[in-house]
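With the hints as extra help, turn the sequences into a complete structure.
Residue numbers (our numbering), protein chains in the order written: chain U, 194 to 489; chain H, 194 to 489; chain Y, 194 to 489; chain X, 194 to 489; chain S, 194 to 489; chain P, 194 to 489.
Just so you know, the hints here were simulated from the structure itself, not pulled from any lab data.
Any given hint could turn out to be false.
For chains that are exact copies, the list does not tell them apart, and a pair is met inside one copy or across any two.
Under the rule of at most 25 Å between Cα atoms (straight-line distance), these lysine-lysine pairs were calculated in the BS3-like manner [as the list claims (entries may be wrong)]:
id : residue 1 : residue 2
1  : K267      : K195
2  : K220      : K449
3  : K396      : K489
4  : K195      : K345
5  : K378      : K449
6  : K489      : K375
7  : K381      : K448
8  : K345      : K283
9  : K217      : K195
10 : K375      : K267
11 : K378      : K267
12 : K448      : K378
13 : K375      : K448
14 : K195      : K383
15 : K396      : K375
16 : K384      : K362
17 : K384      : K217
18 : K217      : K363
19 : K345      : K375
20 : K383      : K489
21 : K396      : K363
22 : K363      : K400
There are 6 protein chains.
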Amino acid sequence: MKINQNLTFNNSEGIFIGSQTNCKDCKIGIYGVPYDGTTSFRPGTRFGPSAIRNISNGIESFCPQLNLDLEDLKYVDLGSLDIPFGAPEKVINLVKQATILLMQKGIKPLLLGGEHSITEGAIAGIVDFHPELIILQLDAHADLRDEWLGSKHNHACVMRRCIEILPSKKIFQMGIRSGTSKEFKELKEKKRLISHQSGQVAKSLDKAMQPYLGMPIYLTLDLDWFDPSVMPGTGTPEPGGFLWQDFAAVIEVIKKHNLIAADIVELAPKLDHSEISSILAAKIARSLIMLLSLEK
Amino acid sequence: MKINQNLTFNNSEGIFIGSQTNCKDCKIGIYGVPYDGTTSFRPGTRFGPSAIRNISNGIESFCPQLNLDLEDLKYVDLGSLDIPFGAPEKVINLVKQATILLMQKGIKPLLLGGEHSITEGAIAGIVDFHPELIILQLDAHADLRDEWLGSKHNHACVMRRCIEILPSKKIFQMGIRSGTSKEFKELKEKKRLISHQSGQVAKSLDKAMQPYLGMPIYLTLDLDWFDPSVMPGTGTPEPGGFLWQDFAAVIEVIKKHNLIAADIVELAPKLDHSEISSILAAKIARSLIMLLSLEK
Amino acid sequence: MKINQNLTFNNSEGIFIGSQTNCKDCKIGIYGVPYDGTTSFRPGTRFGPSAIRNISNGIESFCPQLNLDLEDLKYVDLGSLDIPFGAPEKVINLVKQATILLMQKGIKPLLLGGEHSITEGAIAGIVDFHPELIILQLDAHADLRDEWLGSKHNHACVMRRCIEILPSKKIFQMGIRSGTSKEFKELKEKKRLISHQSGQVAKSLDKAMQPYLGMPIYLTLDLDWFDPSVMPGTGTPEPGGFLWQDFAAVIEVIKKHNLIAADIVELAPKLDHSEISSILAAKIARSLIMLLSLEK
Amino acid sequence: MKINQNLTFNNSEGIFIGSQTNCKDCKIGIYGVPYDGTTSFRPGTRFGPSAIRNISNGIESFCPQLNLDLEDLKYVDLGSLDIPFGAPEKVINLVKQATILLMQKGIKPLLLGGEHSITEGAIAGIVDFHPELIILQLDAHADLRDEWLGSKHNHACVMRRCIEILPSKKIFQMGIRSGTSKEFKELKEKKRLISHQSGQVAKSLDKAMQPYLGMPIYLTLDLDWFDPSVMPGTGTPEPGGFLWQDFAAVIEVIKKHNLIAADIVELAPKLDHSEISSILAAKIARSLIMLLSLEK
Amino acid sequence: MKINQNLTFNNSEGIFIGSQTNCKDCKIGIYGVPYDGTTSFRPGTRFGPSAIRNISNGIESFCPQLNLDLEDLKYVDLGSLDIPFGAPEKVINLVKQATILLMQKGIKPLLLGGEHSITEGAIAGIVDFHPELIILQLDAHADLRDEWLGSKHNHACVMRRCIEILPSKKIFQMGIRSGTSKEFKELKEKKRLISHQSGQVAKSLDKAMQPYLGMPIYLTLDLDWFDPSVMPGTGTPEPGGFLWQDFAAVIEVIKKHNLIAADIVELAPKLDHSEISSILAAKIARSLIMLLSLEK
Amino acid sequence: MKINQNLTFNNSEGIFIGSQTNCKDCKIGIYGVPYDGTTSFRPGTRFGPSAIRNISNGIESFCPQLNLDLEDLKYVDLGSLDIPFGAPEKVINLVKQATILLMQKGIKPLLLGGEHSITEGAIAGIVDFHPELIILQLDAHADLRDEWLGSKHNHACVMRRCIEILPSKKIFQMGIRSGTSKEFKELKEKKRLISHQSGQVAKSLDKAMQPYLGMPIYLTLDLDWFDPSVMPGTGTPEPGGFLWQDFAAVIEVIKKHNLIAADIVELAPKLDHSEISSILAAKIARSLIMLLSLEK
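Okay, structure coming up:
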């Protein structure tokens, strides 16, 4: 699907289970960004979108937690963005354009990464539509560096960039357990860190986000938020992470809120031959489609 | 070992650690059913029996929890059933015959799967000997469909079939976290679902089964009951599962009860190169042999 | 794409590189048959079609040997057949229907397996259109058993079935290096075996097929024809096989002939983490599309 | 680096992140012992030291828990010991010599195994410097056999040997969940077993070690102490183990104590293609360097 | 099967396809030696015997090259030797005893390794029965070191030891392509090296062995003789090796000779997830059983 | 080793077997370029240098073909270049600087990639010292695109760039078997393609290069020149490639010529768990060190 000279969606790698391939009547739109150009440790997130789509054929359409069935929802899978080589700025800009395209059609975007740096593009595309946007970041890493190896646009700096773009400067960070001394100092000073312990998500997240009921929320889920035991297939696994049960608690909180867009990033499927990482990511995608379908 | 024209046990793939190869003085009999003919997602459970046997050479014979040693017990490993192609009915019938054969000799069967559909055969073989049989199912999936893709005998329908066969209609299901809307409705209405949260097994299971002390119990353990992190080597891993500690709690409950047969199904060992799935399954087999050895 | 009550093509797993998703102006039609229900050793060919499609994005569209470019050709990828459980007869019948559907539209079929037993369906669908059909089988195994484990329709009997169906009884077998004593006796007596040595393909195949120039040819390629070193990702690898250079020689011969349909079967991609098996299969698919595009 | 006729350190396989390659100003010294000669189940711990070093390039230098940065510490990585074939006694003696060498220079040793039997050498080297030494063993196995398969020096007997050497006979064992009946009897009688349940480490360990504040502590960490889900890459994984959060609790206790040496043993990296085992081991090594840097 | 105080065969890991489990009427006896204690690079040959047995269930019993069927032969699989820790001398001595045991019963031994050092034991056991024995070694490495890392009994010195034992000092070495300068000098001077090029085996081997028709031959096959592409699952793969076609040529020569014993060593199955290495080794074992069955 | 503000060699990942870590008396200098920023298919060549170094400990120092021993040669391993994110121009420029640095010291460079685009930097650094340089490219792909996805500096365009830089415009390409129609047309017109068939290397290469005896030669070896069976661990394997025997023929030709620099690129080691790809690459590195040591 060629949108304009630069923006092309490639759907040769299949679709997420139950998706339409056109936007008709859809309020939710999935697209992939198979980009891993700034990965510093173990690459391979470019295969994330196709792995999530492929494995999605093995999951049930019904979610007992949300009591919803994908078969009752309408959502489109546009395919994956065709992306160029070289500087990440171009990719981030394409993501911005794609996000704007969906927002203009009244479609809530769900991005499948690719590495975390793509989130900057999504936020940049959304702020004009939702200037009061609040970001909820689930991640093992703060990603708050201002610059890294001479570059400002990469997975290690992405949340710094997002904060700069965001008028509200409102961002919650949960699960951060690796970073520089400076990053941890900032997290503490700005009181952005909600919790960093598996099993304690429900209360602390609910409390922190209570004041923002009804406000537009963007969820960015770096899959290394999870413990390496349940998510080995990611570039930078960090011991001491979260479990599905914690994400189920996140779902409980978010379903009270106004989720308007989300991304799932940093799945590097070839690092996990058992495929449990891709299966987890696909189940999360199912949950997010359902959460995005809730009208607030 | 050829029993009759149809029933042949093949012991070319080794035996479970400490087993005899003949039934003399044995009260417990292991046999494998290397069948994965109706698997819908990722096949390979046909290699389950040989993987459990092979890896069993690496585990200790002593169990500190039960304070028993395999070296003090007598049990036979008959080998794996030779099974035909085509319709699963034939396989289920062979399992039924094999189970009857053991029951007639006063030997408690422990089946090593293979996919879950084999349980129907075991139950069918046992009901005549124990009409008051109660089934305890540990599983991520309800397996209660009446029919699937035009077939009535497969892993997705197996518990429906078992319920039909069972005079008592008494079945407890624990750990179910994936299924259709209809299945979850039934679980709720029939109050069959004991618990679905890791860490809460001991109390709820004990309470639910209290009224049935002394009754004959069949334990069917679909290994996807476990969390994918501890059991990646199964066809349909489902996030949010149980840990060894939970199974240890199950052991505590079962040891008060009259376990008369059991199966361990859905190990697909080649999906897990680290072999932790097979090691877990072998440790469970050790526990079940010990539990089956307890006279009630 | 639902054709009728039984025949549905599922295109959720992507398409072969450069394919259309509708039949318009197409003379060649790809479809997958993700069936491995009678596999006797190592299963997993159900993932063959999606692996070939997925990896096809990594190959060039130009073929220097045939001096053709996929970009200049028109071909449709219909997706993969939805298939039922149980007896293989149903699957074989669906393949027959799908093949007839394409033949009626004047589209030459290219099947992506799945296990070898599906070839029976394709031949059954084609014979009415081309009663004088000749089969060229590249395979490590004769597949000439009349019955196996009580079944007549499976990968070990498939060529026996095809011979029965085929009015001409004309079949060439190349590369057979494993089988029963009886099968090898028949191969010798019937003079069906063309060659069984890597490096000697060109001459012997050319000579054997010379008399049939212009006749309709069906190529069935069981990927275990290849040596395990170049094709580890197949259920029953057999040492002493063929190399790409041998297949290139096959291409040279076939391009003089009237190829009207073909299949590529027995790719079990998860057995080969390096993916060289899928890459080889995709390159073969590219060659076959081009060979099918040559008008005779 | 050749120390004397028998003792040679080989640094061809790289260094732990941030290490010096000479001892100047260093109070902490890392060295590897790539030995797996008595492994009884799955070998491969010989690759442990190089895997930890290699993967260490992917971890952050800052530790938020200890609020320390490797960049502020001085430590040497001497490389790995060159070791001979044959009887383990020679290897154990080399480890002893290497440990003495470091102790004489006032450098606290951190050994990277290799299998557990090497600990005997380290303890033997330290006792003359610290006769009041106390050992804290984190392990799934008691390793208290007196003899195994006719040998006294191997991974199954290592703690028996250490107890014999140690004047204080003071040893704490945590996490033991597999062993012989005799071993468990001894653990109970001697009250050496601190705890064996994930989630209960902090209190029980703190209490048990309280009386020994200021005493020299040796930590030997057999990585199979961890649960197989977070540490699949070890020779003898044992279900029901500990998580990173438990080790974080261990850190909290140890940082009050006088840690004077430590080892990390039984990493078999090639068993875990996802590399989460090596990443966990490297993060532990980072923690231990920091703990060894604390002056008491 | 316990033979005497030291010699025990363990058959818990299954049997080679078609084997008996007792010696009755057998002229050929298989046994495993799961030893990898002196491996210098990548260990894991201890799993060789079980891998060969396990995978043997997937191969045909008929061999078209030799026109023989395993079903027509009688051979026993005794299981694998129980072996101690520590110095390799003990293992080599056990192999010697086991070999003598078979020779005394008139049974030709086929050893499944384990590493190459076990060959010394087999030769030591046979020389008294066949003082005029000739060894044919297929290998990538000369294994002619006199001593290595202070030891005389290991895989790098094994052929030196065999030559010392052998009264005839008659040994042919084929495929050697890696070693020390000194080893290659000796090979050249002694004219022991037959050929080292794939595709040239038949003639040179036939010519070299022509003078020894009727003499007792021992074939020792280090699987790294093969090219890494067909045999990745070995500890020390060496590029530039041989293919199945070359081994087929070896078969053609050996079948004229009086093969009285053989070994297949250095299979490290876990290094090759595709299992093509084990499949090749099993096919070779089938060939050797057949060659050993030929009466001369 | 920090050379200047931008040029830093990191030697934390070990050294090639037998290397010095300083330049003293060395005529040959190895350095790694762990760059895979423009990889279009499967990334991971960033791990190439460390894999080659790590596995090099398992190979013999003696080469029977060249009759040389690494122990008799002097060469330095400088470590791997620290490289920035973003545009590949920076990396290429660093490679240029590093190459110039070595040339100025009279040291012949051997680069370990990393992807192929780094060759441009090496050529750019050498041309001033050797304006009459001739390039010999062994590769499966022509890499002659002028631009790709909007970029001029990447692996698909690297030889186009090299030709532009090279005053002599003299380049030989061997093994090219994949590319665009336009690339093949150019190869044919310019007569740059020497041979594309395994087994025919010796004659054609010798003849083609005969006129250039004594001229400075740069060998760039894209490892996908090899057949996928012997080199599965590369990003874009292409069926129909070359074997070790062919590279041995290349060695025979090059040893008559004046090799002044070389690179080994496109090893993606994590794609090949058997490690035969890394072993092959290390053996090639050994050969190239020896060839670079020959004075002409």
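The hints, checked one at a time:
Within a single copy, K267 and K195 get their C-alpha atoms as close as 22 Å, and across copies as close as 19 Å, so both meet the 25 Å cut-off. Taking identical chains as interchangeable, the C-alpha atoms of K220 and K449 lie at most 25 Å apart only when both belong to the same chain, with a minimum of 18 Å there against 54 Å between chains. For a Cα distance limit of 25 Å, the shortest separation of K396 from K489 inside one copy, 22 Å, qualifies, whereas the shortest one across copies, 39 Å, does not. In this assembly of identical chains, the alpha carbons of K195 and K345 lie at most 25 Å apart only when taken from different copies (24 Å versus 29 Å within one copy).
Proximity of K378 and K449 under a CA criterion of 25 Å is satisfied inter-copy only: 24 Å between copies versus 31 Å inside one chain copy. In this assembly of identical chains, K489 and K375 lie within 25 Å of each other by CA distance neither inside one copy nor across copies; the values are 38 Å within and 27 Å between. Proximity of K381 and K448 under a CA criterion of 25 Å is satisfied inter-copy only: 23 Å between copies versus 27 Å inside one chain copy. Proximity of K345 and K283 under a CA criterion of 25 Å is satisfied in both settings, with 13 Å inside one chain copy and 15 Å between copies.
Taking the shortest Cα distances, K217 and K195 sit within 25 Å of each other both inside one copy (17 Å) and across copies (20 Å). In this assembly of identical chains, the alpha carbons of K375 and K267 lie at most 25 Å apart only when taken from different copies (21 Å versus 44 Å within one copy). Taking the shortest alpha-carbon separations for K378 and K267, only the inter-copy value of 24 Å comes in at or below 25 Å, while the best intra-copy value is 44 Å. For the identical chains of this complex, K448 and K378 are inter-copy neighbours only, at 22 Å across copies versus 31 Å inside a copy, given an alpha-carbon limit of 25 Å.
Taking the closest pair of Cα atoms, K375 and K448 come within 25 Å of each other only across two copies (23 Å); inside a single copy the shortest separation is 34 Å, beyond that limit. Neither within a single protomer nor between protomers do K195 and K383 lie at most 25 Å apart by alpha-carbon distance, with minima of 43 Å and 37 Å respectively. In this assembly of identical chains, the alpha carbons of K396 and K375 never lie at most 25 Å apart, being 27 Å within a copy and 31 Å across copies at closest. Taking the closest pair of Cα atoms, K384 and K362 come within 25 Å of each other only inside a single copy of the chain (13 Å); across copies the shortest separation is 48 Å, beyond that limit.
For the identical chains of this complex, K384 and K217 are neighbours neither inside a copy (42 Å) nor across copies (41 Å), given an alpha-carbon limit of 25 Å. Proximity of K217 to K363 under the C-alpha cut-off of 25 Å is found in neither arrangement, the shortest distances being 33 Å within a copy and 48 Å between copies. Proximity of K345 to K375 under the C-alpha cut-off of 25 Å is restricted to the intra-copy arrangement: shortest distance 17 Å within a copy versus 38 Å between copies. Proximity of K383 to K489 under the C-alpha cut-off of 25 Å is found in neither arrangement, the shortest distances being 29 Å within a copy and 34 Å between copies.
Taking identical chains as interchangeable, the C-alpha atoms of K396 and K363 lie at most 25 Å apart only when both belong to the same chain, with a minimum of 20 Å there against 38 Å between chains. Proximity of K363 to K400 under the C-alpha cut-off of 25 Å is restricted to the intra-copy arrangement: shortest distance 15 Å within a copy versus 43 Å between copies.
Violation of the numbered hints given earlier is confined to hints 6, 14, 15, 17, 18 and 20; the remaining hints are satisfied by the structure.
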